[in-house]
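These protein sequence lines are chains A and B, in that order.
All residue numbers for the first sequence refer to our numbering, where the first residue is 1 and numbers rise by one.
All residue numbers for the second sequence refer to our numbering, where the first residue is 376 and numbers rise by one.
Just so you know, these hints were derived from the structure itself, not from any lab.
Values in this document were obtained by computation on a predicted structure and should not be read as measured data.
Where hints are given, some of them may not hold.
Cut-off 30 Å, straight-line C-alpha distance, at most; resulting in silico cross-link-like pairs (DSS-like, lysine-lysine) [to be verified]:
(1) B:Lys432 x B:Lys413
(2) A:Lys339 x A:Lys360
(3) A:Lys360 x A:Lys324
(4) A:Lys352 x A:Lys339
(5) B:Lys432 x A:Lys82
(6) B:Lys411 x A:Lys18
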Amino acid sequence: MDSIQTETSMTTTRMPGKILIVDDDELNRMILANIFSDDYEILEASNGEEGVRLLLSDIPDIAAVLLDVMMPVMDGIQFLEKVRSKGWNGGIPIFLITAESDTQVLSRAYALGVMDTIAKPVVPYMVRRRVDSVIELFMARKRLRARVEEQQHQLDEQARRILELNHSMIEVLSTAVEFRSAESGSHVKRIHDITKCLLLNTELGVGMSYETIEIIATASIMHDIGKIAIPDAILNKPGRLTAEEFEVMKTHTLRGAEFLEKIPQMREHPGFVYAYDIARHHHERYDGRGYPDGLRGDEIPIWSQAVALADCYDALVNDRVYKKAYSFDEAKDMIISGKCGAFGPTALAAFKVAEPAMRKLYAVKEIQSDGQDIS
Amino acid sequence: MDRTYLDRLRLEGLDVDQALDRLMGNEALLGRLLQKWKEDQSFQALSEALDEGSCEKAFSLSHTLKGMTGNLSMTALYELFSRQTELLRGGDVAAARDMMDRIRPLYERMKAAI
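Next comes chain A alone, as it looks inside the complex (with noise of 0.2 Å):
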């Protein structure tokens, strides 16, 4: 072992029953040995290093040492600097048990972080005394901790399974709403997947943390919420819509943000204004002319844009109603060349950069949903 963990571990609190005697004195350490035998087992030490030595090999059992200030090869002071060195944090209380008297060293020894100093020639009671009740503290205080430690553990099991179940619920709410224009439950996942490949591998994601790429990415699930508002007729339908129609279909992206205006805990959740951003501007367009807002260029969020991206990539790469499915190459020209779309040149830099990865999503995702496609 290379450094002093006096940590416990998760599950276990095991109570050390070891004291460490480094003294070079063998009378010293006869005596020290003798008023603490009949309750601990005792570790002798002739010098710091030896010392030092034996404390490493077996920390979680030791439960404190005693240290004498002079000794040849390692003195006490020496000791203490190395056991810092080495990590220890004053998990282990440390008593210098001295003849010493000069300040200067005893002071010295405070700062290096003893737990107390006992004279020598040392009075028994006193020294069992002393020594039992700061072992007594740090015991109590180490029970404490794994129990503070075991509560946080469980705490944040609970909240990563909150996470999860919020997670799973807005997937299966996007794709009940994909589910009626017979998309497959796996577009909602290519749209999170896709978003946050693009966020993480480019310069689209530049200054977003992994928590924020990865709020985002869950909200991209809920892009086309508002198509929950559309009627079957037009969702559904086969051929071109007519200019009517096309007006009531423009309409899904204010629906979807309004849809989660009116929830009051989306409101108030972190990942609020990236969702209600992608639902309402996931079909606006680089050049001004998209929807429903006309906004043009860097006036269209970020994420809106890496959505929109995500979006049109996988409407090319699958089969639509309207439409039978491109090849990759096909679809990656026509996001380049702006037949399908109008992207900024970061978010068309972006995508070639993510587009051979954004492929390999593909592959991956139908390996595994292979038999579980519902489209």
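We have chain A; now place chain B onto it with these hints.
Structure of chain B alone, referenced to chain A:
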């Protein structure tokens, strides 16, 4: 432990009751510690270090002897080694060597008694 033996130690300035208190009444341990003390070579080494004028070495040895005599409650010897240790800490080798004339007879008598 034999009463007359303990009385002899008392006579040479060893506070037997205090020493046994420190050992939690463990007479066998006291016997073993006294043997260790008798066999210990620190005193000879201290004499040599003082004759050589090696202050650092002498300080360390005097300090050791102070600790031992303190632990064994050899009151008079402990007082003397304590003073010697402080002299050597201050670098006064000559004064520390002069003290040896007072320490040596006490040391020899104690050794003989053990």
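Item to complete: Could you tell me which of the numbered hints above are not met by this structure, giving the numbers in increasing order?
Response: Violated: none.
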